[in-house]
Structures are given as C-alpha cells and as structure tokens.
Amino acid sequence: RKEVEQDPGPFNVPEGATVAFNCTYSNSASQSFFWYRQDCRKEPKLLMSVYSSGNEDGRFTAQLNRASQYISLLIRDSKLSDSATYLCVVFTSGTYKYIFGTGTRLKVLA
Amino acid sequence: EAGVAQSPRYKIIEKRQSVAFWCNPISGHATLYWYQQILGQGPKLLIQFQNNGVVDDSQLPKDRFSAERLKGVDSTLKIQPAKLEDSAVYLCASSPRGDNGYTFGSGTRLTVV
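Those sequence lines, one after another, are chains B and D. Numbering-wise (the working numbering), the first sequence opens with residue 1 and increments by one. Numbering-wise (the working numbering), the second sequence opens with residue 111 and increments by one.
The following block holds chain B by itself, in its conformation from the complex (with noise of 0.2 Å):
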C-alpha cells in the first residue's frame, strides 16, 4: 500500500461547481498535512495546511479525519484558473519527511 493515495483523475467539473478531493495516508503517525497545487510545468505551490479542526481559506475547505486517515479538499464555486493538479503531502516527525501523494488533476470547463 502506498503511504500517501489520491485518485488521479481527471475530475472534469463546469464553472461554479463544487468539487472535493480525498487522500489516503498509511502512517498514523502522521503528524502534519498539506494541500500543494501545481499547475502545468511549474513547481508546486503550498495551497493550504490541513488542521485538526478544519479550516478554510475562502472558497476552500480543508478537513481532516485521523480515525480514518484520510484528508479531503472541498473547491466551492469552481472557476477556470482552478485547473491545476492538487497534491496532498504528509508529514511525519522524528524524519522531517515529507511524502507526496501522485496529485489529483482538475479541469473547470466553461
């Protein structure tokens, strides 16, 4: 089993719909949790940390659930500069290591 899963899409989604990613990771130990986007050759960008609580940051969610080891990214109200691929990254202490899941990839069509 791979330490950190996502769905690769595509996930093929009209202007102003809502869309949400899930990621799987292995490690309960697993300390730390973000959300990377990175678009066509480019290098990826941190989107968002991932609390225990939840957070948001306008129109994006993030959520985390330890007892199932997963974290999930929900994008309300879609636009097309959100076509990217989104990776999730965990990070497990004592290593400083940080592990990428394969991204999953977004097209917003008009």
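Read the hints as simulated data drawn from the structure, not as lab findings. It cannot be assumed that every hint is accurate.
[As the list claims (entries may be wrong)] The calculated lysine-lysine pairs, modelled on DSS-like cross-linking and capped at a C-alpha distance of 25 Å, are: (1) D:K121 x D:K154; (2) D:K172 x D:K154; (3) D:K121 x D:K172; (4) B:K97 x D:K188; (5) D:K172 x D:K125; (6) D:K154 x B:K107; (7) B:K97 x D:K172; (8) B:K97 x B:K2; (9) D:K154 x B:K2; (10) B:K42 x D:K188; (11) D:K193 x B:K42; (12) D:K188 x D:K154; (13) B:K42 x B:K107; (14) D:K125 x D:K188; (15) D:K121 x D:K193; (16) D:K193 x D:K172; (17) D:K154 x D:K193; (18) B:K97 x D:K154; (19) B:K42 x D:K154; (20) B:K107 x B:K45; (21) B:K97 x D:K181; (22) B:K45 x B:K79; (23) B:K97 x B:K42; (24) B:K42 x D:K121; (25) B:K79 x B:K42; (26) B:K107 x B:K79; (27) D:K121 x B:K45; (28) B:K45 x D:K154; (29) D:K172 x B:K2.
[Stated by the list, open to error] Derived, one-sided and incomplete: chain B residues facing chain D with beta-carbon distance under 7 Å: (30) V19; (31) F34; (32) E43; (33) P44; (34) M48; (35) F100; (36) G101; (37) T102; (38) G103.
Using N, Cα and C, we set each Cβ at its ideal position, and we do this for glycine too.
Assemble chain D onto chain B, guided by the hints.
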C-alpha cells in the same frame, strides 16, 4: 524574501553522459530536499539534508546519483551516468525547520536522449 533558486532550467543530454544540478535554498533554511518528478506522478524524495548532514537518502539510486550540501547552504545533485528513465523534473525545496511546509524552486527539466 528570495525564493529557492535552481539552475539550469532545462538540460538535454545523451544517455551515459553526466549532469549536475544546483540549488540555492532560502536563506536560513536548515532543511533542503531534492525531489524527482516524472511526468504524471507526484514528486519522489531523493535526498534530504538537515544543514550539511544527510537525513534520508533511502530512495537515491546511489550507483549513479550523488548529492552534497557544502557548508549547509547550496547543494548539487549529480547523475553519472544518466539513463533514459532519469528524464524528469528535479525539484529542490527548503524549509526552516519543523512541519510548516516548504518552498520549491522552479525545477530543472532533464531530458535524456
């Protein structure tokens, strides 16, 4: 704040040749990472430095890849000899310490022909 600098941006070499990539992390960042990202996949950690010491190089193909971080600042990643399957983007990232996420450089796109 200046970002993570990487060079070159692109490199095309023939198989069996050697190549080196350079990374200058954000000033003061203790941890430096090299990742390999093959098209359609997520980044895969090759090596992680804490200051100038190696924390994790378990996924570095040591028969052909080497990396160093002199004086705990800049780092170089070398491939010798290159294989076709080494074609990928090589990303360098740095973080200050701990679990606050990190910043990537723009990467070096390597094509081995």
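Hints and how they fare:
| no. | hint | in the structure |
| --- | --- | --- |
| 1 | D:K121 x D:K154 | holds, 20 Å |
| 2 | D:K172 x D:K154 | holds, 15 Å |
| 3 | D:K121 x D:K172 | holds, 21 Å |
| 4 | B:K97 x D:K188 | holds, 22 Å |
| 5 | D:K172 x D:K125 | holds, 17 Å |
| 6 | D:K154 x B:K107 | holds, 24 Å |
| 7 | B:K97 x D:K172 | holds, 19 Å |
| 8 | B:K97 x B:K2 | holds, 15 Å |
| 9 | D:K154 x B:K2 | holds, 12 Å |
| 10 | B:K42 x D:K188 | holds, 22 Å |
| 11 | D:K193 x B:K42 | holds, 24 Å |
| 12 | D:K188 x D:K154 | holds, 16 Å |
| 13 | B:K42 x B:K107 | holds, 16 Å |
| 14 | D:K125 x D:K188 | holds, 14 Å |
| 15 | D:K121 x D:K193 | holds, 14 Å |
| 16 | D:K193 x D:K172 | holds, 13 Å |
| 17 | D:K154 x D:K193 | holds, 17 Å |
| 18 | B:K97 x D:K154 | holds, 11 Å |
| 19 | B:K42 x D:K154 | holds, 16 Å |
| 20 | B:K107 x B:K45 | holds, 18 Å |
| 21 | B:K97 x D:K181 | holds, 22 Å |
| 22 | B:K45 x B:K79 | holds, 18 Å |
| 23 | B:K97 x B:K42 | holds, 22 Å |
| 24 | B:K42 x D:K121 | holds, 16 Å |
| 25 | B:K79 x B:K42 | holds, 19 Å |
| 26 | B:K107 x B:K79 | holds, 10 Å |
| 27 | D:K121 x B:K45 | holds, 23 Å |
| 28 | B:K45 x D:K154 | holds, 16 Å |
| 29 | D:K172 x B:K2 | holds, 23 Å |
| 30 | V19 | violated, 19 Å |
| 31 | F34 | holds, 5 Å |
| 32 | E43 | holds, 4 Å |
| 33 | P44 | holds, 5 Å |
| 34 | M48 | violated, 9 Å |
| 35 | F100 | holds, 4 Å |
| 36 | G101 | holds, 5 Å |
| 37 | T102 | holds, 4 Å |
| 38 | G103 | holds, 5 Å |
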